[in-house]
Amino acid sequence: MARFGTFGRLVGGVAGGMVAEGARRWASGEGISARDLILTPGNVQRMTDRLSHLRGTAMKMGQMISLDAGDFLPDELSKILATLRDQANFMPTRQLDQVLKSEWGPDWRKQFRWFNPRPIAAASIGQVHKALTRDGEELAIKVQYPGVAKSIDSDVDNVMALLRVAGFAPPELEMEKLMAAAKQQLHEEADYTREGQQMALYRERLAGTPGFIVPRLHQGLTRGSILAMSFEDGVSIEDLGNVPPERRDEVFARMIRLVARELFDFGVMQTDPNFANFRYRRETGEIVLLDFGACRPVDPAVANGYRKMLAAGLEGNAAEVLSATIEAGFM
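The sequence shown begins at 1 in our numbering and counts up one residue at a time.
Hints may be right or wrong, so weigh each one.
Said to hold, decoys possible - Taking lysine-lysine pairs in the DSSO-like style, the calculated list, with each CA pair at most 27 Å apart, reads:
no.	residue 1	residue 2
1	K130	K79
2	K183	K79
3	K101	K79
4	K177	K150
5	K79	K110
6	K101	K150
7	K150	K308
Honestly, the hints are just simulated from the structure, not real lab data.
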């Protein structure tokens, strides 16, 4: 009910803002359009505030739409989604304790020398804490926000309904397909046991490959809504703008080789392009790979289509590139 209340307050606040703005424009003799009434600074701020408090699906939808269709969106919505992508609300300490007790038992603290209750990072459906086990292992503990998994479908529907009502849904965006893809991806990402398995597989696949770090899964502490792994330090990969060009080029080349291995070797790809999923170690030049919840199998036909396109491109055969693109269903 609290989640419905959040949307109810949002709709009520937006409606009130529209009435106030309409009255102001009428009194001043200005023209009135529905879009202008909705996209007032006050309403934009109301949408941002309310959606950010949902903490889960709304923020993930913001990430997906902003990344997939940013060129089609009104500037006001792009700003809302960018804000949702960059911010998060942490769980209150008491709520965090309740989640950990439900998963690890009432004496969960005895497993650690210390557990930092303040998150070191917050994602769309969870937050990350740093901890030190009794045997001296430094861990990153990802804890899922309560209720996220159960509310995914309704939250996606509500966010899309809001976009339509506000006139934010661009005609170029295939909304039904996006909603279906969002629900599928979010349900997969909400299963931390599955993500842990994918992380372990990536660590195995990249064993012996220089330049990449994949956290080690801590199986004993991992649950459906808790993912425990070795803590791997690094800075945002966006900081590569401050390193020498030759180092930057080498890192990008390594990432391209990883994508090629995902397509043609692993048969699995990490499909979330969020920069927060990649960290960089300045001292060694290594890339830390994080967040494997969006790992998806690669259709062999898709991989073959890319293979044909790349081969034709390397040969400089434009006609074959076009033919392979059409054959793969990309056009």
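Going down the list of hints, with the structure as the test:
1. A C-alpha spacing of about 31 Å is found between K130 and K79, which places the hinted pair above 27 Å, so the restraint is violated.
2. At roughly 23 Å between alpha-carbon atoms, K183 and K79 fall within 27 Å of each other, so this suggested pair holds.
3. Note on K101 and K79: the hinted pairing is violated, with a Cα-Cα distance of about 38 Å set against a maximum of 27 Å.
4. Of the pairs offered as hints, the one joining K177 and K150 holds, with about 21 Å between alpha carbons and a cut-off of 27 Å not exceeded.
5. Pair hint K79 plus K110 does not hold up; C-alpha atoms about 44 Å apart against a cutoff of 27 Å.
6. For the proposed pair K101 and K150, the alpha carbon gap of about 19 Å is at most 27 Å, so the pair holds.
7. Between the alpha carbons of K150 and K308 the distance comes to roughly 42 Å, so the proposed pair goes past 27 Å and is violated.
The structure does not agree with the numbered hints 1, 3, 5, 7 stated previously, though it agrees with the rest.
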